[in-house]
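Peer 1: Okay, here's what each chain looks like letter by letter:
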Amino acid sequence: MTHSEMSRAKRHLETTAKMKEMLPRFFMRMMERRFSNEPLAWCMVGVPPELLKAFDLLFEWPENFGTMCASRLVAPRFIEVAEGDGYSPELCSYVTNTMGYCKLFKEKGEAPEESPLPGGMGTPAMLLGSGFICEPRWKWFQSVATRFFDVPVYSSDPLAPPWDIDPTDPRIEEHYLTLLREDLAGQIEFLEKQTGKNLDIDALREIMALSHQALAYWRDTLALRKAIPSPMGSTDYFHAIIPQMYLVGDQEAVDFYREMYEEVKDRVARGIGVVEEEKYRLIWFGLPPWFNMGIFNYLESLGAVFAYESTYNVGDYFEVDLSDPLEAMVRRTWQRALKMHEFGAEAMPELCNPAVFGGFVGSSLLEELTRDFSLTGAVMHLTRSCRAVSFGEVHTRNRFAKIGLPSLIFESDMADPRLWSDAQIKTRLHAFLETMDKAQKGGK
Amino acid sequence: MAAEKTLNLKKPRATNLNEEAIRRIKAETGKPVIGYLCCFAPPEIISAAGAIPFRITGLPGDDNSAADAYTEPYGCTYVRNILARAARGEYDFIDGLVISHSCDMVQRLYGIWTYYHPLPYSYLFNVPHQVSLQAQRFYRRELDFFRESLEKFTGQVVTSEAVAVEIDLSNQNRALVRKLYELRKEKQPGISGSEMFNLLMAGGTLPAAAFQAKLKEALSKAEAAKAQEPAKPRILVWGSIMDDTALFRMIEEAGAVVVADDTCIGFRVWEKDVPQSVDPYDGLTEHYFVNFQCPRTDRGPGSKRFDYLVERAREYKANGVIGYVISFCDPHKFDYPDLRDYLKKEGLPMLLIDDNYSFEPAGAIETRLQAFIEMLG
Ligand code: SF4
Ligand code: SF4
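Chains A and B supply the protein sequences, listed in that same order. By my numbering, the letter at position 31 of the first sequence is numbered 31, and the numbering carries on one by one without gaps. By my numbering, the letter at position 256 of the second sequence is numbered 256, and the numbering carries on one by one without gaps.
Worth double-checking, as some hints may not be accurate.
List time: in silico DSS-like cross-link candidates among lysine-lysine, alpha-carbon distance up to 25 Å [to be verified]:
id: 1; chain 1: B; residue 1: K345; chain 2: A; residue 2: K106
id: 2; chain 1: A; residue 1: K402; chain 2: A; residue 2: K438
id: 3; chain 1: A; residue 1: K279; chain 2: A; residue 2: K226
id: 4; chain 1: A; residue 1: K103; chain 2: B; residue 2: K345
id: 5; chain 1: A; residue 1: K402; chain 2: A; residue 2: K226
id: 6; chain 1: B; residue 1: K317; chain 2: B; residue 2: K179
id: 7; chain 1: B; residue 1: K345; chain 2: A; residue 2: K108
id: 8; chain 1: A; residue 1: K426; chain 2: A; residue 2: K10
id: 9; chain 1: B; residue 1: K272; chain 2: B; residue 2: K187
id: 10; chain 1: B; residue 1: K216; chain 2: B; residue 2: K226
id: 11; chain 1: A; residue 1: K226; chain 2: A; residue 2: K10
id: 12; chain 1: A; residue 1: K106; chain 2: B; residue 2: K304
id: 13; chain 1: A; residue 1: K103; chain 2: B; residue 2: K344
id: 14; chain 1: B; residue 1: K304; chain 2: A; residue 2: K103
id: 15; chain 1: B; residue 1: K344; chain 2: A; residue 2: K106
id: 16; chain 1: B; residue 1: K214; chain 2: B; residue 2: K185
id: 17; chain 1: B; residue 1: K317; chain 2: B; residue 2: K345
id: 18; chain 1: B; residue 1: K10; chain 2: B; residue 2: K232
id: 19; chain 1: A; residue 1: K441; chain 2: A; residue 2: K108
id: 20; chain 1: A; residue 1: K193; chain 2: B; residue 2: K304
Counterexamples of contact, computed for chain A against chain B with all Cβ distances above 12 Å [claimed, not checked]:
id: 21; residue: R29
id: 22; residue: Y87
id: 23; residue: G109
id: 24; residue: P118
id: 25; residue: P136
id: 26; residue: S156
id: 27; residue: R171
id: 28; residue: I172
id: 29; residue: D220
id: 30; residue: G273
id: 31; residue: V320
id: 32; residue: E342
id: 33; residue: I403
id: 34; residue: G404
No wet-lab data here; the hints were simulated from the structure. Computed from a prediction, not measured in an experiment: that's the story for all the values here. By construction, the Cβ of each residue, glycine as well, lies at the ideal position given by its N, Cα and C atoms.
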């Protein structure tokens, strides 16, 4: 790859453009608090942000930092430092990005100058991990605390039932719910100890209520993308997940997602699409190449729009009873597990806690998505360093073949641009569009 | 090149021998064979249910292309090999399959295998990643679900007494394995690393009594062995699964002796007895979960998690550690930098062999082994 082959994303919505002001405002507020030495937690996706908010804790997401390092093309620098330290290039590039960053941070005593955020990820006072989704997560914070920051770690372990077990069997349900409840209790105990504060249940309830309002708008926005032409594409989608990580539980997030919903609804009403002539409607699987989000615009220039992305769909909204917010949190995790169980790798390998990967004979999710979003094809990004999200794509491709929907798997990575070969990938994308042309004309 | 090949993947291979043996045992006993990978789901319960537990292994270096129809190229090559063999019907002697959620790869193997090639019986044994009290309680409950599923399949009620009997039998073998390992602490061990490894491979296949006879025979042979040569550098082997003697033989050819190990099919399974508790399932929880040293289990941050390994290296007077990692093996590859640094601090040099489950190119691996062993000598 050369850097000139990488292009930044162009977004289409006015609401996401507003994030340009909203996010820096948020980061400044965080920065001020960091400078006054408030404890900072590094967290993994899977740790409920609502809980962090209820403790009024400062937090940072190394995963998200990885995406930022990738989009500014500084990830290779950090990854190479980690590789020099013995980390294999096969390992998750978010993790190796963190490891290289931490090494430089420790050597310099401050954030390396390449860091995307002023002050980088700061100095953690604690690490909150989650085994949700993948195995590297178990090793990530373990090694951060072993090699760089000797701080307390709590990793939660939300196991989910495998595909061939009936999760509605009350005994099975209790088996898993017990673990989820005990795990959450452990997480809270840890946070209470580290912050010296007791969990304020009422505050948590309010935060959960706001968070669910925001997620409901998000869900409804995504459903609007069934419209032809699709009013919203992937560059907006992948950008708009950031407030879910940092601002969920704030009124600001509710306002943001409501505005987005209204804007997208208006676009539908006025028939405004992402591209003028929508020729192909696609579904995206896998993590995006954060260093080259312009690839989505490139496809748009050829008339191809993504109407659905399976990745980061974890923010789905579920009706839960908030009278007991802790039980609501457990139930939310469980309902997600049930949804994964129902659909799982059939359409969304990445939505699966690895424990649920499986066959799902009889699941009709792919058929439903194809019909409801009027899909003409599927594009899957096989990320070499993240098998958790991409392992299962061949299976999904097999399932699509049965439905008769053309699909393409192409290889690269989410954060490491060294794995991007521009000419080859574009050739394959072009060939794929031709395949869809033929399929649409009734050929095979 | 031809010479390299013979050293590298020499026949007969333990996997082939085991598979021949299990076919024979199945024909003789008429019992169903339950294949397993990783032993978080205790084989003792399988035996107590009237079935034969069989540890599934692969054939490193074999053609894995049959796996391409179901899986991505980026995945543990050992798992891809097992899947390719399953796709070709090479495990047709298996009536059932139990896979533990040990690492993500093995666990996904379960989904793909059972979807594309369903078996009369299959069970995914879910295992928490930590050994907290809540995790232990989950594991303990999982044992019950596993037992029930076996009972349903074999039609035989699994009594606690039967489980206790199986534990007792396997513990007898553990005592014999420990005796053999004791001999490896001597200046000139009476049993080589590859001989020991082949024995333990058989331990995943043979019924307890037959394995016991084999162990006893090996023990008397090892006790009688008189060492002729001068003492050699002593190696501890750590890493991803190994189901072929190739690396052990290469190390031996390079002039060292393997005295201890920390890999899946190694001392880890036999090191300690399963505690004989009032409720046998408590003993199984302690043995196969709480005390079972596998890097997939999170034992918290810090280097203390490797103390058991340093202690083992000291006990067996190892001069160095040779690590073996398979492509895309997250649990081991993530641990390597922390482990290497800790061993260095403890005065133990480490060499890492990164392999795609083929032991090729053998020449390059041998050169690195020789250089390392010379340095130790
Ligand atoms: S899901 Fe993939 S990208 Fe995320 S932490 Fe795991 S391996 Fe890395
Ligand atoms: S070699 Fe590594 S990735 Fe493969 S099955 Fe073993 S632990 Fe899992």
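Peer 1: If you draw a straight line from the CA of A:K426 to the CA of A:K10, is it 25 Å or shorter?
Peer 2: Holds, because 18 Å separates the two Cα atoms, which is no more than 25 Å.
Peer 1: Regarding the pair A:K226 and A:K10, is the alpha-carbon distance no greater than 25 Å?
Peer 2: Holds: A:K226 and A:K10 sit about 21 Å apart, inside 25 Å.
Peer 1: With a cut-off of 25 Å on the C-alpha distance, tell me whether B:K304 and A:K103 pass.
Peer 2: holds, 21 Å
Peer 1: Taken at face value, is the distance from the CA of B:K304 to the CA of A:K193 at most 25 Å?
Peer 2: holds, 23 Å
Peer 1: May I ask you to check that A:G109 keeps its beta-carbon over 12 Å from the closest beta-carbon of chain B?
Peer 2: With a cut-off of 12 Å, A:G109 remains clear of chain B, as the shortest Cβ separation is near 21 Å.
Peer 1: Regarding the pair B:K272 and B:K187, is the alpha-carbon distance no greater than 25 Å?
Peer 2: Holds - the C-alpha atoms of B:K187 and B:K272 are around 24 Å apart, at most 25 Å.
Peer 1: Would the hint linking B:K345 and A:K106 be met if the CA-CA limit is 25 Å?
Peer 2: holds, 19 Å
Peer 1: Hint check: A:K279 vs A:K226, CA-CA at most 25 Å. Holds or violated?
Peer 2: holds, 15 Å
Peer 1: Decide, holds or violated, for the assertion that all CB atoms of chain B are farther than 12 Å from the CB of A:Y87.
Peer 2: A:Y87 is in fact no farther than 12 Å from some Cβ atom of chain B, at 6 Å.
Peer 1: In terms of Cβ atoms, is chain B entirely out of 12 Å range of A:S156?
Peer 2: violated, 9 Å
Peer 1: Is the nearest Cβ of chain B still more than 12 Å from the Cβ of A:D220?
Peer 2: holds, 32 Å
Peer 1: With d taken as the least Cβ-Cβ distance between A:P136 and chain B, does d exceed 12 Å?
Peer 2: Answer for A:P136: violated, closest chain B Cβ roughly 5 Å.
Of the numbered hints given earlier, the model fails hints 19, 22, 25, 26, 27 and 28; all others are met.
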